[in-house]
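**Q** Chain by chain, the residues:
Protein chains: 2
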Amino acid sequence: MSSAYANLTRTFTRLSRFGHLSAIAGWDMMTMMPPGGSSARGAALAELSVLRHEILTDKAVAQWLDQAANETLNDVERANLREMRRAYDQAALLPAALVEEKSLVGARCEHAWRQQRPANDWQGFAANLKEVVKLSRAEAELRAQANGCSRYDALLDLYEPGMTAAKLDSTFGELKQWLPSLLARIVEKQSRQPVAVPVGPFAVESQQLLGNALMKLLNFDFNAGRLDVSAHPFCGGVPEDVRITTRYNANEFISAMMGVIHETGHACYEQNLPKQWAGQPVALARSTAIHESQSLFFEKQLGRSTEFLSLLLPQVKTLMGDRPELEEANFIALNQRVKPGLIRVDADEVSYPAHIILRYEIERALIESEIEVDDIPTLWQEKMQALLGLDTTGNYRDGCMQDIHWTDGSFGYFPTYTLGAMYAAQLFNSVKKALPQVHSDIREGNLQPIFDWLQQNIWQHGSRFTTRQLIENATGEDLNPRFFRQHLENRYL
Amino acid sequence: MSSAYANLTRTFTRLSRFGHLSAIAGWDMMTMMPPGGSSARGAALAELSVLRHEILTDKAVAQWLDQAANETLNDVERANLREMRRAYDQAALLPAALVEEKSLVGARCEHAWRQQRPANDWQGFAANLKEVVKLSRAEAELRAQANGCSRYDALLDLYEPGMTAAKLDSTFGELKQWLPSLLARIVEKQSRQPVAVPVGPFAVESQQLLGNALMKLLNFDFNAGRLDVSAHPFCGGVPEDVRITTRYNANEFISAMMGVIHETGHACYEQNLPKQWAGQPVALARSTAIHESQSLFFEKQLGRSTEFLSLLLPQVKTLMGDRPELEEANFIALNQRVKPGLIRVDADEVSYPAHIILRYEIERALIESEIEVDDIPTLWQEKMQALLGLDTTGNYRDGCMQDIHWTDGSFGYFPTYTLGAMYAAQLFNSVKKALPQVHSDIREGNLQPIFDWLQQNIWQHGSRFTTRQLIENATGEDLNPRFFRQHLENRYL
Ligand SMILES: [Zn+2]
Ligand SMILES: [Zn+2]
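From first to last, the protein sequence lines stand for chains A and B. Here the first sequence stands for residues 10 to 502, where the numbers follow the numbering used here. Here the second sequence stands for residues 10 to 502, where the numbers follow the numbering used here.
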């Protein structure tokens with residue numbers, strides 16, 4: 010008779026294979042599928058999703074989980090069992106009816122939002138969002154009861170296991186102390202250094218060549234992945250075949266270039282997850298926040314550094330055509346420009362946390378029933394004014410209606426962007442200590458020591474450790490926003 | 010309580026959704042996937058294939074099939090039930106161990122063949138092929154016992170339900186009477202009309218534009234499908250999202266052009282299958298032979314006709330550059346050139362049936378244990394000499410090792426190519442009767458009446474009728490090779 014643990018690994022291998030098909034069909038939907046395929050694809054993916062839920066929440070799985078806890082397991086197996094338990098609990102906890110209703114209501118809200126946002130129709134959107142919030146609160150309540158925590162903590166835990174609102178309040182609270190004044194000082198400083206913007210058109214073919222060259226430089230394994238185009242850039246596929254995307258704008262090439270660096274960070278994490286445990290939960294990426302720390306390590310710590318931009322410049326000039334705006338100092342200034350604006354996805358790394366803190370405070374209060382949907386616009390205006398000094402009165406489109414995340418009830422996701430940025434800064438600080446030559450290495454294109462360090466400290470571990478253990482092992486301490494502050498001050502002051 | 014028939018439709022809808030994911034992941038594997046993704050993809054697809062087999066051969070399905078036979082059903086439902094029964098019987102009949110062994114042995118033989126063919130290594134290939142034949146005979150024996158027919162008939166039935174070796178012997182026997190002499194006459198005639206071959210390079214971008222223009226002309230619905238590149242052209246995907254492929258050769262554009270027309274014929278059949286029964290077996294294409302009749306209708310009856318080639322020529326000149334070889338008479342002669350050769354896939358429509366008859370006679374005798382694998386080379390040489398006057402002694406690579414079909418045991422498939430060609434000629438004959446203006450219509454690009462006729466007579470029926478009923482309804486009689494002969498004589502003499 011095989012052990013309960015062996016039965017579990019077989020079940021999770023099977024789930025992983027079905028997850029593979031779901032990931033590839035999902036990637037295809039975003040990159041290749043003609044519009045007419047949409048409804049059949051939706052039905053096929055939903056059918057597979059129901060099946061995966063059934064397999065995962067089967068009674069036998071619950072029994073095996075209990076039995077396996079008493080079996081002799083090594084460290085990795087025990088970590089795998091912990092992640093299996095987590096996956097089972099998360100899935101088994103919600104009644105099927107709630108899952109289905111949330112999925113329907115979320116899809117309806119998102120679909121309508123695609124029209125309502127350009128129409129600035131807050132009233133129409135609010136009506137749908139109230140339904141989403143109602144169901145998300147119900148979900149959070151069930152999860153909170155099971156976990157013995159607050160509602161919002163229960164949702165946070167889906168994206169960053171172990172993270173709590175208390176810890177966020179303290180971390181983000183510290184950021185709020187120094188971020189607005191730091192931002193003001195940087196903006197003031199940069200106002201004395203005007204930047205010239207290169208004028209297009211920039212051929213899409215050249216931008217593609219630049220993207221591919223960057224991916225190669227960043228050690229992306231083209232034998233196990235590819236780059237395509239989609240409306241919203243993402244990193245998908247499976248560790249054996251990672252699919253990243255970007256979008257091209259003929260008038261401006263820097264967004265696509267930085268987008269490719271960002272997604273390549275996600276991709277290299279996926280491509281270097283532990284192959285010896287492939288198919289098991291312990292082989293998966295640690296969390297949404299750690300995933301984002303890798304993309305932001307690549308994009309912000311590495312990609313926007315003076316040394317990396319200098320390294321890149323000759324290739325940029327060759328592909329985009331030499332011109333005065335690509336003179337080195339100007340090219341670096343272009344990529345390090347700080348300019349508070351209304352839109353999160355366009356934000357520089359200094360003002361980005363303000364966008365996140367604002368959303369975190371609103372969504373936490375919303376889930377905890379401290380505020381209602383109707384309170385959002387006023388809160389948004391107040392917080393934008395306080396954090397970034399911008400007026401958004403009446404501009405819902407570029408205000409509280411700008412993001413897709415709330416439309417399908419992904420509450421708890423936003424904080425991972427800034428957690429990722431802080432982890433990235435903390436990790437790069439440790440890289441600098443481990444590799445004293447790192448700045449000249451980057452300038453010379455010798456990036457392998459950095460990849461080796463990430464492989465050693467992050468990638469190879471998958472989900473073996475908790476985030477806190479992983480970060481402590483890698484950097485000697487738990488999350489500490491000091492490194493992020495130092496990074497911003499060093500780069501921008 | 011829902012009826013047994015309703016339970017069956019739900020089960021087959023579910024199977025169809027999983028089939029959708031399998032089709033898209035399979036297409037991706039051939040067109041997009043980097044090599045490193047291969048083994049994970051193989052495992053994922055195999056897992057889904059096991060699941061589909063389990064769902065289809067569940068005991069409940071057998072019970073519902075029996076019960077539904079006594080329920081009140083309309084004509085379409087009864088046809089659907091017939092196709093469900095067929096799918097169930099085909100799947101349930103084979104022991105899982107045989108299916109698995111055949112799949113393993115076939116994969117091994119095919120894999121080795123990719124090296125053995127270029128090395129002309131008949132001995133190495135024969136050793137593997139013997140294993141494949143052994144298992145195919147075992148499969149055929151089980152199917153024959155269940156169907157009460159001969160072994161080879163049981164395999165034929167997988168690709169063209171209702172077709173028998175007796176009927177093939179009679180039909181192909183008739184072809185053998187007149188084909189060699191007709192071929193000789195045509196070759197002799199064409200030897201007096203030398204053809205000038207256009208010299209490349211032809212930009213792949215121009216060939217792509219030509220392919221897309223052709224697909225548009227042929228009513229391919231780009232809202233429900235796309236054209237990509239693969240090593241071996243195919244038509245895949247699902248009726249809601251049909252994926253066709255081609256391959257480009259910079260030195261020669263006619264193969265890709267005709268390949269696109271061929272696959273578009275397959276695609277238009279798929280895109281126009283009955284949507285009101287989508288997800289049910291009755292909504293699927295009738296058979297492999299009928300599918301090929303649609304691609305050959307497009308490629309041979311329509312695409313290589315003088316009228317269609319004239320219609321096409323201005324666009325070809327624009328995209329490929331005007332040159333003497335694209336003078337109208339030469340362009341038509343190029344596309345209607347008849348030249349017996351060793352390779353089936355390169356064969357013109359006059360010598361193609363010889364390649365098929367040869368393979369049919371050998372594979373039938375092989376499955377019926379009248380010959381053994383070691384007898385194949387000699388038989389191949391004799392039949393190539395008799396049918397096409399070509400010597401293949403010692404040339405296994407371009408002889409009996411040229412096709413992939415036998416490597417994984419797809420015995421019974423080859424005849425559908427020539428059945429398809431004959432059905433296509435018979436259908437076009439009926440089109441000419443129904444649309445007396447059809448030749449001038451084609452020359453003027455007015456193809457809609459032809460598509461309407463195919464829609465009315467073939468596409469909309471899916472698998473509602475048997476092949477024989479379908480062809481009799483469309484043309485007034487069962488398969489009759491006379492129309493194929495008339496077509497060849499009209500075009501080439
Ligand atoms: Zn990211
Ligand atoms: Zn075909």
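Note that these hints are calculated values from the structure, not bench results. Mixed in with the good hints, there may be bad ones.
Copies of the same chain are indistinguishable here, so a pair counts whether it falls within one copy or spans any two.
[Stated by the list, open to error] Derived lysine to any residue pairs resembling SDA-like cross-links, with alpha carbons at most 25 Å apart: (1) LYS68 to ALA374; (2) LYS111 to MET329; (3) LYS441 to ARG91; (4) LYS225 to THR484; (5) LYS143 to ARG94; (6) LYS225 to PRO44; (7) LYS284 to LEU397; (8) LYS392 to THR475; (9) LYS225 to MET41; (10) LYS111 to PHE27; (11) LYS348 to ALA294; (12) LYS392 to ALA240; (13) LYS111 to ILE263.
Just so it is clear, the structure is predicted and the values come from calculations on it, not from any experiment.
**Q** Are the hints correct? Go through all of them and say.
**A** Checked hints:
1. With identical chains, the CA atoms of LYS68 and ALA374 are never at most 25 Å apart, being 36 Å at best within one copy and 53 Å at best between copies.
2. Taking the shortest Cα distances, LYS111 and MET329 never come within 25 Å of each other, neither inside one copy (47 Å) nor across copies (55 Å).
3. In this homomeric assembly, LYS441 and ARG91 never come within 25 Å of each other (Cα to Cα): the closest approach is 33 Å inside a single copy and 71 Å across copies.
4. With identical chains, the CA atoms of LYS225 and THR484 are never at most 25 Å apart, being 28 Å at best within one copy and 59 Å at best between copies.
5. Neither within a single protomer nor between protomers do LYS143 and ARG94 lie at most 25 Å apart by alpha-carbon distance, with minima of 27 Å and 47 Å respectively.
6. Taking identical chains as interchangeable, the C-alpha atoms of LYS225 and PRO44 lie at most 25 Å apart only when they sit on different chains, with a minimum of 17 Å there against 32 Å within one chain.
7. In this assembly of identical chains, the alpha carbons of LYS284 and LEU397 never lie at most 25 Å apart, being 44 Å within a copy and 54 Å across copies at closest.
8. For a Cα distance limit of 25 Å, the shortest separation of LYS392 from THR475 qualifies neither inside one copy, at 33 Å, nor across copies, at 70 Å.
9. With identical chains, the CA atoms of LYS225 and MET41 are at most 25 Å apart both within one copy (24 Å) and between copies (19 Å).
10. For the homomeric pair LYS111 and PHE27, the shortest alpha-carbon distances inside one copy (23 Å) and between copies (24 Å) are both at most 25 Å.
11. For the identical chains of this complex, LYS348 and ALA294 are neighbours neither inside a copy (33 Å) nor across copies (59 Å), given an alpha-carbon limit of 25 Å.
12. Within a single copy, LYS392 and ALA240 get their C-alpha atoms no closer than 30 Å, and across copies no closer than 57 Å, so neither meets the 25 Å cut-off.
13. Taking the shortest Cα distances, LYS111 and ILE263 never come within 25 Å of each other, neither inside one copy (38 Å) nor across copies (53 Å).
Taken one by one, the earlier hints fail for this structure at numbers 1, 2, 3, 4, 5, 7, 8, 11, 12 and 13, listed in ascending order.
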